[in-house]
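**Q** Dock chain to chain to rebuild the complex, using the hints, since each chain is given by itself in its own frame.
The listed protein sequences correspond, in order, to chains L and S.
Taking numbering that gives the first Met the number 0, the leading residue of the first sequence gets 0, the next gets one more, and so forth.
Taking numbering that gives the first Met the number 0, the leading residue of the second sequence gets 0, the next gets one more, and so forth.
Because the hints were derived from the structure by calculation, they are not lab data.
One or more hints might be untrue.
Okay, the calculated beta carbon distance ranges per label pair [claimed, not checked]:
no.: 1; chain 1: L; residue 1: I274; chain 2: S; residue 2: R59; range: 34 to 42 Å
no.: 2; chain 1: L; residue 1: A150; chain 2: S; residue 2: T117; range: 36 to 44 Å
no.: 3; chain 1: L; residue 1: L295; chain 2: S; residue 2: G157; range: 24 to 32 Å
So the derived list for chain L, only partly shown, Cβ under 8 Å to chain S, looks like this [to be verified]:
no.: 4; residue: W30
no.: 5; residue: R117
no.: 6; residue: F121
Values in this document were obtained by computation on a predicted structure and should not be read as measured data.
From the three backbone atoms N, C-alpha and C, an ideal C-beta is built for every residue, glycine too.
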Amino acid sequence: MNTQSNTMPESSVQSQAAASPDISAARRFYWSVQRELWETRSIYIAPLAGAAVILAGFLISTIHLSNKMRAALALSPAQQNQAIQQPYTFAEDVLMATFLIVAVFYCLDALYGERRDRSILFWMSLPVSDLTTVLAKASIPVLVLPLVTFAVTVVTQLVMALLSTVVLLGRGLSAATLWNHLPLFQMWLGLFDHLVGFHGLWYAPFYCWMLLVSAWARRVPFLWAALPPLAIGVVEKIAFNTSYFAAMLQYRFAGSPDGDSMDPLTHLSPVPFLISPGLWIGLVVAAAFLAAAIWLRRYRDPM
Amino acid sequence: MASIEARGLRKAYGTTIALDGINLRVEEGRILGLIGPNGAGKTTVLNAILGLTLYQGELRVLGRDPWTEREQLMRDVCFIADVAVLPRWMRVSQALDYVAGVHPRFDRAKAEGFLTKTTIRRESKVRELSKGMVTQLHLALVMAIDARLLVLDEPTLGLDILFRKQFYDSLLNDYFDRNRTIVVATHQVEEIQNVLTDVMFINRGKIVFSCSMEELESRYLEVTVNPERLAATRALGPIHERQVFGRSILLFDAVNRQQMAEQLPNLGDVRTPSIADLFVAVMGDQLGHAQGATR
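Bound conformation, chain S alone (with noise of 0.2 Å):
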């Protein structure tokens, strides 16, 4: 069963159009990355999934509209907009407190089991806390709530590498299972790379590239060569190409990997690109043609 599924979605505000015609759809138990610049419109789905922004266009989320059945739908949808939404005020002991008093599927004993494992004391108020504690927080909060789906919104945004690392490692060791789906919608690409099922390219509103990992693994590859054999590399039809330290990298989109696999090794070293790689490659083509356009 599809959790999100949306057709021909819109949003413009004003002359500005954030949703240009978005088709998605995401089964139960992947964990989709959004993944755009800033601007590209990751929020303003994210937004639409949540109910918290009007759309035009089809949209179902766990078999419901989230625009007219925004109540039912928090109660198996959790989501962390943006880090440090947390309010200021509220004490460790508060929020749990309060998340247990109106979440019917709250656990708070895990939460409690949770926040054993980090330094954050319970009478502690949030604006005591350092930005990656006030995160850890809210995970606690959240993994600790049975929830079907899970939106994250750059839920690690200005956390330092040892955080995000950590942050999505209880993600997936602690709370994902195979009832579960997760969206993260972010730019910061490297962390995620082992983390997704599968991922999302989106911008000025479209989704500009889209597969799942196994797919990537599969599909694409990319080349390092040495200057003279650029030429014979460049015949295969690469899809990108950038210069590091006199060495050429080239991308490939093998529809065929494992023929390809075979004749590249003669020219270079070979290897899966990662999901930044092919980020600067769809992305940087998208410039081109924007650049294109204007001329």
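So here's chain L without its partners, still in its complex pose (with noise of 0.2 Å):
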């Protein structure tokens, strides 16, 4: 005990001495998305658990897949890349599925669930700013979600193929056709733009509309989050007749024509996307909600 209380005012003095000059704003938003990470085991967890449900489900359609090379063998070359590629594409919904599901999911108790569970006591008592907290936050479904997807599609989709070629080799065919109808590489191109351009930067309105009610709600943020645009709607549709607001949401929702669309292989060319008036007023919209949802976790009496 005597040699604790000697020592401790020392090495006290000592750490305040060679106190580190400070921690980056960089370092302090990576820990913030690996606590989101620890937290949410969902965001890769459900990816991953979506990929090995269509591996299953493709495992077991190897069984008449030579059948099925050889009735393609007698279509058109147009309709033999859509027969070939058809379970590919497939898995890419799925996926794509997951991820908008557990982006919901995440962003309705980001900031929710800390209040309810008064975790936030703790998390403010650290020193990380609410902007570098309610970012890293909204980094998950605009930039983590779309990458954890890619690569989770990248590799289900090239074990798909493998597992087809090793079948099929197995059986005395060739390959040959199954590959020169697939283009993998130019299939990830197009996934990647889609899913980081359309569901990441594209949604981020909606995103971030999710985590401002998940900061303002005391009570069920998913009704808070879906109702009041329904009432928007409906009072517009009453008193106007007019749907100007449902169609602007589904404008949102199914893409815009002068930049991306919901299907992935259309578009390769980013920079008509980029420069879409359609996605920087989104992200005006998403950044405006975001600024509130920082300004009332800031504000806000935490309980």
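**A** In structure tokens form, the structure reads like this:
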């Protein structure tokens, strides 16, 4: 006990003298994202589970793969493409749907859950700004989920293609037709563009709206996120018999004519999308929602 | 230098007045106990000090305005707001990694050292730990941060007496030194009697009693008397009186304790009152006034 009390003041003086200059904003951001990945493991577990389900189904489908390949040979080249690529694009769709479901649940809980379980009092006891915390949370649906989904999709499609090749070779058939009609690399470029550009950036206003609601709602954030937009649509319809608001949401959800669209393979050049006003208007709206969420977390009583 | 200086601190939630003109000054190197019943305004005072709630009046914490300079302040201030606010999904190792990642003054080796004295395993999740262990973990994290002000809000609520004792023992032995200031809000007064250097009672958003422990020892005394001597003792003007097992215990605010101490032993057993005794005396009075006012 005696030695302890003697060394204590000394060591505190030392650590004060040797106090690290400071921790960079980038490092705080990194750890803030890391903590989201620790807390919400579904960010990577859900896509992996989706991939496992796809691969299990695909494994069963290889029983009649050779018949399918023979049948495909009788079709026109365009139909061949479609027949061979069908399971691959379906895998993409499944993983994108998983991404969107995870994103919705994540966003609605991100700033609500920490208030519900009172852990916000722990987070706020550390020198991490509300700006850093909220930006780290926003980066999950806008950046992390698209990249995770991309990586999982690429690996899944690669495993599917290799599995098919092994099965075909095992039955003494050539895998040349398969690979000729499966431009994987080109598909991946389109997929990357679609995931990061469309599901990440173009959808950002949706995610940031949900983050704002999760920072504000005292209960049931899901209802608060869904019902007000619905109410606006209903009022507009009854009052003016128009549906501009609904059309705007529809446009935001389904994609823009000048930018991206739901089909990942139609668009390979990102430039028109990146300079489209639709993208930038969306990002400005998203930024406004985020600013409001940061303000709420900072200036409202935490409990 | 004063760590905390508040003048005319006010806060209202709608029509409910939580803080009604609080004045306080806490010097560096002191351990202040902020004691009051539930709903007295303890947490509101602490939240104002920590920049978590907006207030009216003047408040400086380590020379800063806690509301507008919260981020910079949090590098020098640590707090445990209530038991069990550590996120339940977090692993002990993740908590260490995270705090080490974001806090420039966190000494990880020190935190690991504190943890080896407990039975907490690195790979455990917070939800798997008992309430006492969660508090030990939080304390280990906080004590490894070289902060100038530590704020504790009911840090031992719901823990058994062994954990409560241990909590304050480690705080005193392994953490506290003359460069640090600690503010503890609690309504469990028994076990912090020997920890504090200053004590403050708060009730209905007002500071109703404030003194240092030295002052408390030199100024207040308590006499236990038998019924036959009660009248004589009462004549000396006690501030509070209660009955225990047929004997009366009278509490005196003796400005000249020396002189009182000479007279009182003839009447009964004299001792320094505990904080709990004083609390009951002061708060009982408050209650009496309040009841009188409503009549």
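**Q** Now look at each hint and say whether the structure bears it out.
**A** Structure-based check of each hint:
1. I274(L) <-> R59(S): 34 to 42 Å: 51 Å, violated
2. A150(L) <-> T117(S): 36 to 44 Å: Between A150(L) and T117(S), where Cβ atoms are some 40 Å apart, the hint holds.
3. L295(L) <-> G157(S): 24 to 32 Å: Because 30 Å falls inside the window, the suggested range holds.
4. W30: 4 Å, holds
5. R117: 5 Å, holds
6. F121: This hint holds: F121(L) lies near chain S, its Cβ roughly 5 Å from the closest one there, short of 8 Å.
Checked against the numbered hints above, the structure breaks only hint 1 and satisfies the rest.
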